[in-house]
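**Q** Chains as they are written, first to last, in our numbering: chain A, 1 to 112; chain B, 1 to 116.
Just so you know, the hints here were simulated from the structure itself, not pulled from any lab data.
Treat the hints with care, since some could be wrong.
Stated by the list, open to error - Within a straight-line C-alpha distance of at most 20 angstroms, the following computed SDA-like cross-link-like pairs (lysine to any residue) qualify:
#	chain 1	residue 1	chain 2	residue 2
1	B	68	B	79
2	A	57	A	75
3	A	57	B	42
4	B	69	B	2
5	A	57	B	100
6	B	58	A	102
7	A	1	B	42
8	A	57	B	113
9	A	57	B	1
Source: prediction; values computed, not measured.
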Amino acid sequence: KAGVTQTPRYLIKTRGQQVTLSCSPISGHRSVSWYQQTPGQGLQFLFEYFSETQRNKGNFPGRFSGRQFSNSRSEMNVSTLELGDSALYLCASRGDDNSPLHFGNGTRLTVT
Amino acid sequence: AQSVTQLGSHVSVSEGALVLLRCNYSSSVPPYLFWYVQYPNQGLQLLLKYTSAATLVKGINGFEAEFKKSETSFHLTKPSAHMSDAAEYFCAVSDLGSGGSYIPTFGRGTSLIVHP
Numbered sequence: 001k002a003g004v005t006q007t008p009r010y011l012i013k014t015r016g017q018q019v020t021l022s023c024s025p026i027s028g029h030r031s032v033s034w035y036q037q038t039p040g041q042g043l044q045f046l047f048e049y050f051s052e053t054q055r056n057k058g059n060f061p062g063r064f065s066g067r068q069f070s071n072s073r074s075e076m077n078v079s080t081l082e083l084g085d086s087a088l089y090l091c092a093s094r095g096d097d098n099s100p101l102h103f104g105n106g107t108r109l110t111v112t
Numbered sequence: 001a002q003s004v005t006q007l008g009s010h011v012s013v014s015e016g017a018l019v020l021l022r023c024n025y026s027s028s029v030p031p032y033l034f035w036y037v038q039y040p041n042q043g044l045q046l047l048l049k050y051t052s053a054a055t056l057v058k059g060i061n062g063f064e065a066e067f068k069k070s071e072t073s074f075h076l077t078k079p080s081a082h083m084s085d086a087a088e089y090f091c092a093v094s095d096l097g098s099g100g101s102y103i104p105t106f107g108r109g110t111s112l113i114v115h116p
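From just these sequences and the hints, can you work out the full model?
**A** Printed below as a string of structure tokens:
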């Protein structure tokens, strides 16, 4: 079974631009979660999507948004990028609420 | 909301020595506790999961963790460290999200350094 796939692996953007990150979950997994990982804040929960609906949301500004498609693939969008948005963005999927998260290798975003 | 504290941002051991990584959760007993490992330039991989079936949980690569309710702890141990164990380790606790499902909340992580 293929794992969670995130594209692209690396991204460099300029402050003020917007960016879209993509995540393909494990086949059959309907829940997709996004996390931001930085050295200073650790792993912070962004949001979770389940069957195309946002089910849970973390404490991030509205510049961070996401969506999920009918095939469970998910995208995350960050608008008006700030230097502090530089981070590793991790996507994770799971089969049900009692299952552990399966993580992708992340997208490393650098904002200059 | 649940919270997780990992004591020690860095732990250094010699190859063959005991590995002990500490994790404490907030006072209310969570339904699930996890340990994950992250190698450089990779995502997190599940080491083990506590589900209240047994207080001592065995995971992959020789790791195990013991749930102690009286101490609100879920420390990770391995009897003998290998060089390949060098990585970042994260403790996580399931927390009830605003949408009614449980989502993991992660500790800050502990970097394990293994010396030859």
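**Q** Hint by hint, say whether it matches the structure.
**A** So, going through the hints one by one against the coordinates:
1. Our distance criterion of 20 angstroms between C-alpha atoms is met by residue 68/B and residue 79/B, whose separation comes to about 19 angstroms.
2. The suggested pairing of residue 57/A with residue 75/A holds, with an alpha-carbon distance near 15 angstroms, which does not exceed 20 angstroms.
3. For the proposed pair residue 57/A and residue 42/B, the alpha carbon gap of about 24 angstroms is over 20 angstroms, so the pair is violated.
4. For a cut-off of 20 angstroms, the pair hint linking residue 69/B to residue 2/B stands: about 15 angstroms separates their Cα positions.
5. Between the alpha carbons of residue 57/A and residue 100/B the distance comes to roughly 11 angstroms, so the proposed pair stays at or under 20 angstroms and holds.
6. A hinted pair counts as satisfied when its Cα atoms are at most 20 angstroms apart, and residue 58/B with residue 102/A qualifies at roughly 19 angstroms.
7. The straight-line distance between the Cα atoms of residue 1/A and residue 42/B is roughly 18 angstroms, inside the 20 angstroms bound, and the hint therefore holds.
8. Proximity of residue 57/A to residue 113/B is assessed by CA-CA distance (about 34 angstroms); at most 20 angstroms being required, the pair is judged violated.
9. A C-alpha spacing of about 14 angstroms is found between residue 57/A and residue 1/B, which places the hinted pair at or below 20 angstroms, so the restraint holds.
When the structure is compared with the earlier hints, violations turn up for hints 3 and 8 and for no others.
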